[in-house]
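**Student:** Here are the chains, one letter per residue:
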Amino acid sequence: MAVLSIEANERLEAYLADVAEILRGDGHDLVDIKNIIDSLREQIYEIATVDGQRPASLDEIEQALGEMEPPDAFRAASRVLAIKTKNRATKRALAYLSAGLSMGAVLIYFAVAAVYHPVPAIFGFGQVTALAAGAASWSEPVGRFGAICAALFIVGSFFRPG
Amino acid sequence: MARDQGAKSKAAGERTIGGRAAESNPWVSQMRKGLLEFLVLAVLRRGEAYGYIILKELRGFEGLSLTESTVYLLLARLTKDGLLRARKARSPEGPPRRYYSLTATGHRRLVDMTAYWKAITKSVDHVLAAGEKR
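So the protein sequences, as listed, match chains W and S. Heads up: the first sequence at position 49 corresponds to 49 in this note's numbering, and the numbers run straight through without jumps. If you count the second sequence from 1, you need to add 1000 to reach this note's numbering.
Because the hints were derived from the structure by calculation, they are not lab data. This one's a predicted model, so the numbers in the text were calculated from it and none came from an experiment. There may be inaccurate statements among the hints.
Label-pair distances were calculated between CB atoms; the ranges are [stated by the list, open to error]: (1) K1033(S) to E13(W): 30 to 36 Å; (2) R24(W) to G1082(S): 19 to 25 Å; (3) I148(W) to K1118(S): 31 to 37 Å; (4) H1107(S) to F125(W): 44 to 50 Å; (5) L107(W) to F1038(S): 53 to 59 Å; (6) I108(W) to R1108(S): 53 to 59 Å; (7) G100(W) to K1118(S): 55 to 61 Å; (8) A1115(S) to T90(W): 35 to 41 Å; (9) R1085(S) to F158(W): 27 to 33 Å; (10) V1127(S) to K34(W): 44 to 50 Å; (11) I154(W) to I1120(S): 54 to 60 Å.
Ideal Cβ positions, reconstructed from N, Cα and C, are used throughout, including at glycine.
Extracted from the complex, chain W is given alone in its bound form (with noise of 0.2 Å):
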């Protein structure tokens, strides 16, 4: 199998990099971002591996990523063929309301716990809400903050003593 040398790799992966940065931009998910930069991997080793016994240059790889387009090109595809992604907007939003319901009801749950007992059952309909909220922007990393912290605040709530 060919190989690159080290600087052809690192300028390699930055295109790709910057190729999956206007992917999640877009709202493309994990998989197809993974196929999407795994293609154009393949087509730039057999542009630039000429001869598969010898690591490729760096020349060779610039000369190779001469050919390709720019990686804004995919976000000008991606609106031409019409693909239906998530709106990025509404991921954020959804991850910080995760988030935000996660670690407000934290808070507030130990206030309240000090006064009354049982605890309104509203909290634990804010850490569902934030569960779901979560898991719907688990691309987001907030969202999987937030998802994570309900989803620990609510199995915690089994074992709670008393």
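Chain W is fixed; fit chain S onto it per the hints.
**Tutor:** Just chain S now, kept in the frame of chain W:
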């Protein structure tokens, strides 16, 4: 060799229609968009192929001017829609290749699209021929 083919294909994509670059004609984009899925499925009718081979085959044809962004996005969408399946296989030239092939649903879609394409081109030919006779 692959590099030469790529350069040729790039040049082939820079065509003009009605004095404008094909890509900048909105009606060209509209017509092409509907055909892309059909063309990708048609290429895979002969058997499985990996992304770059599909791209090379399609971008060699006049008027299509297909690029990697369009083809790879389309392959991802068709796979997600269940019309294609993908499998990875070792490649002598680099990272593992992702080979695409038609699923049963993809085959059915291709048969339907082919029948529709034949019917519609026949109709368009009739309309154009009638227009020329006047």
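**Student:** Decide, hint by hint, whether the structure agrees.
**Tutor:** Checked hints:
1. K1033(S) to E13(W): 30 to 36 Å: With Cβ atoms ~31 Å apart, the hint holds.
2. R24(W) to G1082(S): 19 to 25 Å: Since the Cβ atoms of R24(W) and G1082(S) sit about 24 Å apart, the hinted range of 19 to 25 Å holds.
3. I148(W) to K1118(S): 31 to 37 Å: Once the Cβ atoms are compared, 54 Å apart, the range 31 to 37 Å for K1118(S) and I148(W) is violated.
4. H1107(S) to F125(W): 44 to 50 Å: Holds - the Cβ-Cβ distance for H1107(S) and F125(W), about 48 Å, lies within 44 to 50 Å.
5. L107(W) to F1038(S): 53 to 59 Å: holds (56 Å)
6. I108(W) to R1108(S): 53 to 59 Å: holds (55 Å)
7. G100(W) to K1118(S): 55 to 61 Å: holds (57 Å)
8. A1115(S) to T90(W): 35 to 41 Å: holds (39 Å)
9. R1085(S) to F158(W): 27 to 33 Å: violated (42 Å)
10. V1127(S) to K34(W): 44 to 50 Å: Taking Cβ atoms as reference, V1127(S) and K34(W) lie about 45 Å apart, which means the hint holds.
11. I154(W) to I1120(S): 54 to 60 Å: holds (55 Å)
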